[in-house]
Amino acid sequence: MRRKLTTIAIFGLLLIVVGALALAGCGEAEEGTTTTVAGETTTTAGGTETSETTATTAGEATGEPIKIGAVIPRTGGLEAWGDWIIDGATLALEEAGNQVAGRPIELVVRDDGSFDTVMALDSARELVEKEGVQFIFQDLVSGPFLAIQPYINENKIVSFAPDNRGEIVEWESATGDRYDICTAGAMTQGGYALGKFAAETLGLKTVTTLGQDYETGYQVIGAFVKGFTEAGGTVVQQQWAPGDTADFAPYLTGLKEADVFVTWFVGGGVNLVLKQFNDFGLYDKYEVMVGNPYNLEERLGELGDWAEGVYQASYYSPGYDSPMNADFVSAVEEKFGIVPNEMHVTPYEAIKVLLAAIEKTGGDLDPDKIRAAIIGTEYEGPTGKFVVTEEGFCFNRTQYINKIVKGSDGTLQWELAEAVPDVTYPGYFTKP
Amino acid sequence: MILFLLTTGLSLTYGLMGIVNLSHGAIYMLGAYVGWTVAVQAGLNWWLAVICGGVAAGLVGLMIERGFLRSLYKRMNEQVMLTIGFIYVIVNVTQWIWGGLERAPYSPKIFSGSFGLLGMQYPIYRMAVLGIGVVVAVGLWWFQERTRYGAIVRAGMDDQETGMGLGINMARVTYLVFLLGSFLAGIAGVIGAQMLGADLGMGWDILLPALIVLVVGGAGSIEGVLVGAMLIGLVDSFGRTYVPSLAMFFSYIVMVIILSVRPGGLIPRRSGGL
Numbered sequence: 360m361r362r363k364l365t366t367i368a369i370f371g372l373l374l375i376v377v378g379a380l381a382l383a384g385c386g387e388a389e390e391g392t393t394t395t396v397a398g399e400t401t402t403t404a405g406g407t408e409t410s411e412t413t414a415t416t417a418g419e420a421t422g423e424p425i426k427i428g429a430v431i432p433r434t435g436g437l438e439a440w441g442d443w444i445i446d447g448a449t450l451a452l453e454e455a456g457n458q459v460a461g462r463p464i465e466l467v468v469r470d471d472g473s474f475d476t477v478m479a480l481d482s483a484r485e486l487v488e489k490e491g492v493q494f495i496f497q498d499l500v501s502g503p504f505l506a507i508q509p510y511i512n513e514n515k516i517v518s519f520a521p522d523n524r525g526e527i528v529e530w531e532s533a534t535g536d537r538y539d540i541c542t543a544g545a546m547t548q549g550g551y552a553l554g555k556f557a558a559e560t561l562g563l564k565t566v567t568t569l570g571q572d573y574e575t576g577y578q579v580i581g582a583f584v585k586g587f588t589e590a591g592g593t594v595v596q597q598q599w600a601p602g603d604t605a606d607f608a609p610y611l612t613g614l615k616e617a618d619v620f621v622t623w624f625v626g627g628g629v630n631l632v633l634k635q636f637n638d639f640g641l642y643d644k645y646e647v648m649v650g651n652p653y654n655l656e657e658r659l660g661e662l663g664d665w666a667e668g669v670y671q672a673s674y675y676s677p678g679y680d681s682p683m684n685a686d687f688v689s690a691v692e693e694k695f696g697i698v699p700n701e702m703h704v705t706p707y708e709a710i711k712v713l714l715a716a717i718e719k720t721g722g723d724l725d726p727d728k729i730r731a732a733i734i735g736t737e738y739e740g741p742t743g744k745f746v747v748t749e750e751g752f753c754f755n756r757t758q759y760i761n762k763i764v765k766g767s768d769g770t771l772q773w774e775l776a777e778a779v780p781d782v783t784y785p786g787y788f789t790k791p
Numbered sequence: 079m080i081l082f083l084l085t086t087g088l089s090l091t092y093g094l095m096g097i098v099n100l101s102h103g104a105i106y107m108l109g110a111y112v113g114w115t116v117a118v119q120a121g122l123n124w125w126l127a128v129i130c131g132g133v134a135a136g137l138v139g140l141m142i143e144r145g146f147l148r149s150l151y152k153r154m155n156e157q158v159m160l161t162i163g164f165i166y167v168i169v170n171v172t173q174w175i176w177g178g179l180e181r182a183p184y185s186p187k188i189f190s191g192s193f194g195l196l197g198m199q200y201p202i203y204r205m206a207v208l209g210i211g212v213v214v215a216v217g218l219w220w221f222q223e224r225t226r227y228g229a230i231v232r233a234g235m236d237d238q239e240t241g242m243g244l245g246i247n248m249a250r251v252t253y254l255v256f257l258l259g260s261f262l263a264g265i266a267g268v269i270g271a272q273m274l275g276a277d278l279g280m281g282w283d284i285l286l287p288a289l290i291v292l293v294v295g296g297a298g299s300i301e302g303v304l305v306g307a308m309l310i311g312l313v314d315s316f317g318r319t320y321v322p323s324l325a326m327f328f329s330y331i332v333m334v335i336i337l338s339v340r341p342g343g344l345i346p347r348r349s350g351g352l
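So the sequence lines, in the order shown, correspond to chains A and B.
Going by the numbering used here, the letters in the first sequence line up with residues 360 to 791, in that order.
Going by the numbering used here, the letters in the second sequence line up with residues 79 to 352, in that order.
What the hints contain is simulated information worked out from the structure, not anything from laboratory work.
Predicted model, so just to flag it, every value in this text is computed and none were measured.
Watch out, some of these pointers could steer you wrong.
What follows is a list of derived Cβ distance ranges for each label pair [stated by the list, open to error]:
(1) A/Asp643 with B/Leu286: 33 to 41 Å
(2) A/Ser689 with B/Ser190: 33 to 41 Å
(3) A/Leu775 with B/Leu286: 37 to 45 Å
Some chain A residues near chain B, calculated using beta-carbon distances under 10 Å [to be verified]:
(4) Asp603
(5) Gln635
(6) Asn637
(7) Gly766
In silico lysine to aspartate or glutamate, EDC-like type, Cα no more than 16 Å apart, as pairs [what the hints assert, rightly or not]:
(8) B/Lys187 with A/Asp664
(9) A/Lys694 with A/Glu454
(10) A/Lys711 with A/Asp680
(11) A/Lys426 with A/Asp475
(12) A/Lys515 with A/Asp727
(13) B/Lys187 with A/Glu661
Idealized CB from N, CA, C, for every residue including glycine.
Construct the complete structure from the given sequences, taking the supplied hints into account.
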């Protein structure tokens, strides 16, 4: 009896603790949650499926809906990025009244588990064979992308990258007839522009790098080094750390003297590097630059004043001065309570490109006609003007150099330092 | 030191109960998130965050032991499957509550900054982690070697049945040890978050190194875990820096060498009377 009471008491206490934690975390958990007009999350055996559909505009669009599928993170470490992708796509669809060429549009989302190639392919199959989608947003990361790319191209599904591509070799190694489109370009373009900026604009002469020992790390750091050395700079040291490195002390204590420190790690790794960089009192000794740290934007509030002055390059800047971008930033801030980042803008622009192509074909969804309508056409979005080339890629894009500054309200913010137009694809880089 | 704090709990539960609690890493992760909520989101005292992280982790560990593991005594396969399952449960509940975004490292102002030594700057919080680890190590050693309750725990590790025959309530001892072990994992999470932040994968990342430390140091031995943690931590860090292509093998190579020479670990626990 006593044992039973103890067990009941412990379970009761645990319920109270979990409930209290849930209440405490409620505000945090709601941030970034997609606003859907109609939809629910269902869990079935074998995985989690998220079905989120936008409502159609009553009285204007008729007929069979045009379905856009998305195979993106809904679980796993990149779930928040999946939220942003849905937000950006949803905003573009709502601005179009959820219709094109007189037909309603539906966005159907499936999970790729962030890095799960099997789940990604299962989701792609379900979207194509069960849901009958005509277009797809591809995976964020290269493993799932390479898993589904042959399948969706074989089925002639025009697909869009939700972000820029880190490993261009994955793009070039894709097989079969190509229906995949990347409106965001390559991550190397940002690294290259940042390298040139460091040498030409800031006049920095020497660089030491610390990158993730991984394909995208080689690309971003390699591109920076190319831009930097072409502009007259010198590389004094290059270090590479495994992606699961938690303690960067051995690398940071071994840094050589240089004008600038450049780093790139996927996800939260860059935060660890920067924090530990500050902990070792190194900020006063180097100019600090990073690759495309999406997560840094969401974590500016958690970074200390030490993060002021960090540079970053991206194909998007919330500070880019254009009426279109100003409207976009306002819309995202108002609707989602967040400053937009690449994950918002890329699906937003991709949807706009797709809708324009459908209008151009007069509502004909034939994939070859849609693709032909996209290629070579100049578009303008919150990122500026861009053209999708014959390869389905944007090899010339404006890159924005952003800097962390302290705003008038005392919080850390991004400020546009320089816009570098027509940055070409700098090439493929291997580990030196 | 973070590895030591985490593995000590694992060592106590394995040494006393023979249970390898693979959800220990997930409990450590939960402690980090609870600590973040208290210290960053609520802006409260960091030491309070440490206690809250430990308590939350301890209660979850206790729930797992009381509700599930106690009926799987000496059933290793079922224990492994169950505790692996709990990893997924804890990670998913954590994601449900806190979302998928990683949390930046957080440390109290008192530990911020660095000090100069031999021409290098060293973060103050790293010294603090070292100091906390030493205090915990000494405290645990004193508890286990110099107190009556520690003697009871050691007796349970040697021979549970005899202990019960002597009138010791071993069931209470085992769940209190489980509570203590999980509590230590939770505070390790908060203390480690100064350097590592909090993310959903941190439990998985540290689980294997913790198991290696457990084996290398010697189960049930505080001194062994301390030495094992320092050795594996240094080997891993320097291996990654100087031979990154072989970084993932170094810890295992060390483990194989040590077990070949000393199968019970570096400093195995001395079994014997009270």
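Regarding the pair A/Lys711 and A/Asp680, is the alpha-carbon distance no greater than 16 Å? 20 Å, violated
Is the hinted pair A/Lys426 and A/Asp475 satisfied, with a Cα-Cα distance of at most 16 Å? 24 Å, violated
Grab the minimum C-beta distance from A/Asn637 to chain B and call the hint holds if it beats 10 Å, violated otherwise. Because about 9 Å separates A/Asn637 from the closest Cβ in chain B, which is inside the 10 Å limit, the hint holds.
What's the verdict on A/Lys694 and A/Glu454, does the C-alpha distance respect the 16 Å limit or exceed it? 12 Å, holds
If you check the beta carbons of A/Leu775 and B/Leu286, does the distance land in 37 to 45 Å? 43 Å, holds
Could you say whether the range 33 to 41 Å given as a hint is met by the Cβ separation of A/Ser689 and B/Ser190? Given a distance of about 36 Å, which is inside 33 to 41 Å, the answer is holds.
Please verify whether B/Lys187 and A/Asp664 have alpha carbons no more than 16 Å apart. 13 Å, holds
Between A/Asp643 and B/Leu286, does the beta-carbon spacing fit 33 to 41 Å? 37 Å, holds
Please work out if A/Lys515 and A/Asp727 have their alpha carbons no farther apart than 16 Å. Roughly 8 Å between the alpha carbons, so the hint for A/Lys515 and A/Asp727 holds.
The hint names A/Gln635 as touching chain B; please verify it with the least Cβ-Cβ distance against 10 Å. 7 Å, holds
Grab the minimum C-beta distance from A/Gly766 to chain B and call the hint holds if it beats 10 Å, violated otherwise. Where the cut-off is 10 Å and the nearest Cβ of chain B is about 19 Å from A/Gly766, the hint is violated.
Starting from B/Lys187, check that the Cα of A/Glu661 is at most 16 Å away, please. 14 Å, holds
The structure fails hints 7, 10 and 11 (numbered hints given earlier, in ascending order).
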